[in-house]
Amino acid sequence: DPAGLEEAGQRLGVEKLYADYHEMLKNEWFDIVSICPRWLDQHPEMVFAVAEAGACIFLEKPIARTLAEADAMIETCEKAGIMMGIAHQGRMHAAAHHAKQLLLEGVLGDIISIQIHGKEDRRGGGEDLMVLGTHLFDMLRFLLGRNPYWVYGSVTNSKGQSITGADAVEGPEELGLIAGESIHALYGFGNGVTATFETRRDQPSHAFRYGMWIYGTSGIMTVHDASQQIRIYESPIWHPDAETPVRDITAEALDLKPGLQPSLNDLQMSANVAIARDVLQAREEGRRPVNSGYDGRWALEMIHGIYASHLYGIRVALPLENREHPLAPV
Numbered sequence: 025d026p027a028g029l030e031e032a033g034q035r036l037g038v039e040k041l042y043a044d045y046h047e048m049l050k051n052e053w054f055d056i057v058s059i060c061p062r063w064l065d066q067h068p069e070m071v072f073a074v075a076e077a078g079a080c081i082f083l084e085k086p087i088a089r090t091l092a093e094a095d096a097m098i099e100t101c102e103k104a105g106i107m108m109g110i111a112h113q114g115r116m117h118a119a120a121h122h123a124k125q126l127l128l129e130g131v132l133g134d135i136i137s138i139q140i141h142g143k144e145d146r147r148g149g150g151e152d153l154m155v156l157g158t159h160l161f162d163m164l165r166f167l168l169g170r171n172p173y174w175v176y177g178s179v180t181n182s183k184g185q186s187i188t189g190a191d192a193v194e195g196p197e198e199l200g201l202i203a204g205e206s207i208h209a210l211y212g213f214g215n216g217v218t219a220t221f222e223t224r225r226d227q228p229s230h231a232f233r234y235g236m237w238i239y240g241t242s243g244i245m246t247v248h249d250a251s252q253q254i255r256i257y258e259s260p261i262w263h264p265d266a267e268t269p270v271r272d273i274t275a276e277a278l279d280l281k282p283g284l285q286p287s288l289n290d291l292q293m294s295a296n297v298a299i300a301r302d303v304l305q306a307r308e309e310g311r312r313p314v315n316s317g318y319d320g321r322w323a324l325e326m327i328h329g330i331y332a333s334h335l336y337g338i339r340v341a342l343p344l345e346n347r348e349h350p351l352a353p354v
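According to the numbering used here, the residues represented by the sequence shown are 25 to 354, in order.
A few of these clues could be false.
[To be verified] Straight-line C-alpha distance at most 25 Å; calculated SDA-like pairs for lysine to any residue:
no. : residue 1 : residue 2
1   : 183       : 169
2   : 103       : 346
3   : 50        : 103
4   : 124       : 346
5   : 124       : 168
6   : 103       : 309
7   : 50        : 27
8   : 50        : 62
9   : 124       : 241
10  : 124       : 174
In case anyone wonders, no lab produced these hints; they're calculated from the structure.
Using the sequences and the hints given, assemble the complete structure.
Put into structure tokens, the structure is as follows:
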């Protein structure tokens, strides 16, 4: 897109413009390169090229189409000594870190279970699982501070019939194989803690359908709107009523004055900057980024685990042994 390239150069004040990123990486030096395309078929080659050039990476989510691709990308970065961060912006928000600390301090007592819902719009089902499930699963692992041990999944079509591998289709934007219009999953995190995930196509639209409910022995925490809305219900009852004490921790966590809550776009942009900065700091400090490639791969493990469990008809252990796509023809 020559016109788009020219416009971007003018907007950013950049004189050297390249239509081929291989040529750019050969001629220029970078601390970090942002791999922005959502088309997952492009991710591996781009990651390999940037790692070879010696630059750190800020990669759009989901990490890849398959776990095999994710494994290869992570291994390449490890061998090159390159740090890679994934665009799961939610865990960079101050409110999310505040919520995590409160959970560690026992604000809910002992965590019992978590309920998670995708956006459930026109993408509900397989596309929702891949596009937005990756955010939700990453946030879940971040808040709990642990990985799931197993998953049991069920995937059905619009008629409520169980899907088979023959129902798989290539997702939009080269997402890889997806299937199902209604998806349900149960994850086990140890110590009796379980999490459920659900997504259905074309459900009523509301910001508070998308997110998670964390249930504890003494309270409930809700996380909605890309971690922008986090609330604590200070009661052990399962269904809070008008008399249940409520604490909205978002403004408190962000240290904002009343009425100065930033827009979601503001939060996303600031989170993107924070991810890139953290990747560079991680390189200097010799640690993993807060949003590492390993975290991106774990989100994909949880996604593909649903399909694997459904097709095998059993609960499956995580991480998966089969690194190819569960829906791929054998």
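Evaluation of the provided hints:
1. 183 <-> 169: Measuring from Cα to Cα gives roughly 38 Å; hence the hint is violated.
2. 103 <-> 346: Distance ~23 Å between residue 103 and residue 346 Cα, so the pair holds.
3. 50 <-> 103: 20 Å, holds
4. 124 <-> 346: 32 Å, violated
5. 124 <-> 168: 7 Å, holds
6. 103 <-> 309: Given that 25 Å is the threshold and the Cα spacing comes to 17 Å, the pair holds.
7. 50 <-> 27: 23 Å, holds
8. 50 <-> 62: Cα-Cα ~23 Å, so holds.
9. 124 <-> 241: Distance ~17 Å between residue 124 and residue 241 Cα, so the pair holds.
10. 124 <-> 174: 23 Å, holds
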